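Take these sequences, add in the hints, and give me the full structure.
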Amino acid sequence: MDVLKTSLKEIRDGIRGKKFSSAEVTKAYLNQIEKWNGKLNAYITVNDQAVAAAAKADELIAKGEGGALAGVPIAIKDMFCTKGMRTTAGSKILENFVPPYSATVVERLEKAGMVSLGKTNQDEFAMGSSSETSAFGVGRNPWNLDYVPGGSSGGSAAAVAAGMAPASLGTDTGGSIRQPASFCGIVGIKPTYGRVSRYGIVAFASSLDQAGPMTKTVADAALVLEAMSGRDPRDSTTSAQPVPQWEQKISKNLKGLKVGLPKEYFSDRLQPETRAAVDRAIEVVKKAGAETVEVSLPLTEMAVPIYYLVCTSEASSNLARYDGVRFGFRADFSKKPAEDLAEFYCRTRGEGFGGEVKRRIILGTYALSSGYYDAYYKKACQVRRLLRQQFLDAFKQCDVMMSPVTTSPAFKLFERISDPLEMYLNDIYTTSANLVGIPGISVPAGFSGNKLPIGVQILASHFNEQALFNVGSVIEEGLAIKELPHGLQ
Amino acid sequence: MISEEDVARVALLARLSITNEETKRLATQLSSVLGHFEHVSKVNTEGVEPMVTPTDIEGFWREDKVEGWKSAEAAMANAPEATGNLFKVPPVVG
Numbered sequence: 000m001d002v003l004k005t006s007l008k009e010i011r012d013g014i015r016g017k018k019f020s021s022a023e024v025t026k027a028y029l030n031q032i033e034k035w036n037g038k039l040n041a042y043i044t045v046n047d048q049a050v051a052a053a054a055k056a057d058e059l060i061a062k063g064e065g066g067a068l069a070g071v072p073i074a075i076k077d078m079f080c081t082k083g084m085r086t087t088a089g090s091k092i093l094e095n096f097v098p099p100y101s102a103t104v105v106e107r108l109e110k111a112g113m114v115s116l117g118k119t120n121q122d123e124f125a126m127g128s129s130s131e132t133s134a135f136g137v138g139r140n141p142w143n144l145d146y147v148p149g150g151s152s153g154g155s156a157a158a159v160a161a162g163m164a165p166a167s168l169g170t171d172t173g174g175s176i177r178q179p180a181s182f183c184g185i186v187g188i189k190p191t192y193g194r195v196s197r198y199g200i201v202a203f204a205s206s207l208d209q210a211g212p213m214t215k216t217v218a219d220a221a222l223v224l225e226a227m228s229g230r231d232p233r234d235s236t237t238s239a240q241p242v243p244q245w246e247q248k249i250s251k252n253l254k255g256l257k258v259g260l261p262k263e264y265f266s267d268r269l270q271p272e273t274r275a276a277v278d279r280a281i282e283v284v285k286k287a288g289a290e291t292v293e294v295s296l297p298l299t300e301m302a303v304p305i306y307y308l309v310c311t312s313e314a315s316s317n318l319a320r321y322d323g324v325r326f327g328f329r330a331d332f333s334k335k336p337a338e339d340l341a342e343f344y345c346r347t348r349g350e351g352f353g354g355e356v357k358r359r360i361i362l363g364t365y366a367l368s369s370g371y372y373d374a375y376y377k378k379a380c381q382v383r384r385l386l387r388q389q390f391l392d393a394f395k396q397c398d399v400m401m402s403p404v405t406t407s408p409a410f411k412l413f414e415r416i417s418d419p420l421e422m423y424l425n426d427i428y429t430t431s432a433n434l435v436g437i438p439g440i441s442v443p444a445g446f447s448g449n450k451l452p453i454g455v456q457i458l459a460s461h462f463n464e465q466a467l468f469n470v471g472s473v474i475e476e477g478l479a480i481k482e483l484p485h486g487l488q
Numbered sequence: 000m001i002s003e004e005d006v007a008r009v010a011l012l013a014r015l016s017i018t019n020e021e022t023k024r025l026a027t028q029l030s031s032v033l034g035h036f037e038h039v040s041k042v043n044t045e046g047v048e049p050m051v052t053p054t055d056i057e058g059f060w061r062e063d064k065v066e067g068w069k070s071a072e073a074a075m076a077n078a079p080e081a082t083g084n085l086f087k088v089p090p091v092v093g
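Chains as they are written, first to last, in numbering that gives the first Met the number 0: chain P, 0 to 488; chain B, 0 to 93.
Note that these hints are calculated values from the structure, not bench results.
For clarity, every value in this text was computed on a predicted model and none was experimentally measured.
Treat the hints with caution; some may be incorrect.
[As the list claims (entries may be wrong)] Only some residues are given here: those of chain P computed to face chain B with a beta carbon under 8 Å:
hint: 1; residue: Pro232
hint: 2; residue: Met301
hint: 3; residue: Pro304
hint: 4; residue: Leu308
hint: 5; residue: Asp339
hint: 6; residue: Thr364
hint: 7; residue: Ala374
hint: 8; residue: Lys377
hint: 9; residue: Val382
hint: 10; residue: Arg384
The beta carbon of each residue, even a glycine, is placed where N, CA and C say it ideally should be.
What follows is the structure, given as structure tokens:
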């Protein structure tokens, strides 16, 4: 079995058909992790119980038991609480945090038979687009080690691209699954808001956060998402909408499908190479029977500003829980005691959080503070409703939309980290899906001149993930990536 | 647009200690970010209800029954400092 080429579905079927055991497969991935993690820094924690868990899965399978993903190894972003396994969210403030419970998503996948390979690197509290804000060192792109893997789920993306996991879990608040998937040449889906439980996922911005799989193929993404989705009594924002068997229902016949091309997404800021990749994907979809139609989302220019006002406001509130009292890092007060209670919190949080997190907490606190609330937070929430309406109107003219994921392929490490505005503006094409709550997928569509992958984004209306898998499968077949990551040679 | 004094005031509200250098840098960076965000104010939002969650919350009922949780020890295991089942904090002067 070649870890760089085998899909999750092939692994699942191979284990079921006794072609190989879960233990053999798990060891193959652990070997690849051992070989490459020093360079890529894709994992923060490797599960030292993985082989034992795989052996247990093999026993169950031998007895004819085991779920939909029996014995399949999967990597988990360090945003998901994993019972008994350190969960850092990429932050010093949680460097020693061992959760007493697991996220619902993790529980469901374990019930389906997943073997956890460990926890992947990410931007601190998922705040970043490059995996450079991690307190555990920067992540790197397997296609070229001098470039970022994207973020915030950069470790999850790099792990799948580099054969260090057949699939991984990510979270997406403004593009954190789709953008790194695009930068690393893999598939990543952010489902509809409410499709997947957020219980036990470290909270960043609660009205935007969703979890989803990152995989080598579109069918793999459908399989893993099926096992993750559905109502959870522990998250009241989850939906009772039935979870379809997406993978079995994938149809590559797109006859009559209307593909909207939002004109604001094809402006001058889009780099020609990225434009060319998206155009190629559009041609492939047309050949499969789809028609294209131009649509307009005039508030697109507002998506990044309102996204950053909403997400920082919610984050400033969510991150208030890190107080150094009940769990997590506490500053050392043995030599210099705190003068008052405020200083106790200030020093703990000032030392525990990194620069980007502090920047966002301060921006969010400012946007919520007395005298500024109406002008910033409330205004952003009003424009958010208008943006949602524009999407609902556009979906009256089309079934899906296709667009770039980012304006350009992966950028060089340390190139943008000192300019937050430049980094934020890079999220122009991904943030709207989170603000509006619709599902979006990134599928590989080719390479840049300097051999970095470029993805294409497909968006659908609420709860229509099936359309993403259908269109994604057609693009995947038409533009299959045959090369292996150049950084691994 | 956002002064160093603003940054210092908000940092205290957020219970974050930041250095003088960080205060300066944040004032510059956040001014540039908020400057870019300024055009949001030009969108006409008269009579628009603020949207705080992107999908309709369906709401659902469940039986109000007590379910077992972890032991107190498991809940306390991550405390920076504890005495028995009590969280311990250092003495604060003021």
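Hints, verified against the model:
1. Pro232: 5 Å, holds
2. Met301: With a closest approach of 6 Å, the P:Met301 hint holds.
3. Pro304: Nearest chain B Cβ about 4 Å off; hint holds.
4. Leu308: 7 Å, holds
5. Asp339: 4 Å, holds
6. Thr364: 4 Å, holds
7. Ala374: 7 Å, holds
8. Lys377: 5 Å, holds
9. Val382: 5 Å, holds
10. Arg384: With Cβ-Cβ at 4 Å, under 8 Å, it holds.
The structure is consistent with each of the numbered hints, conforming to all of them.
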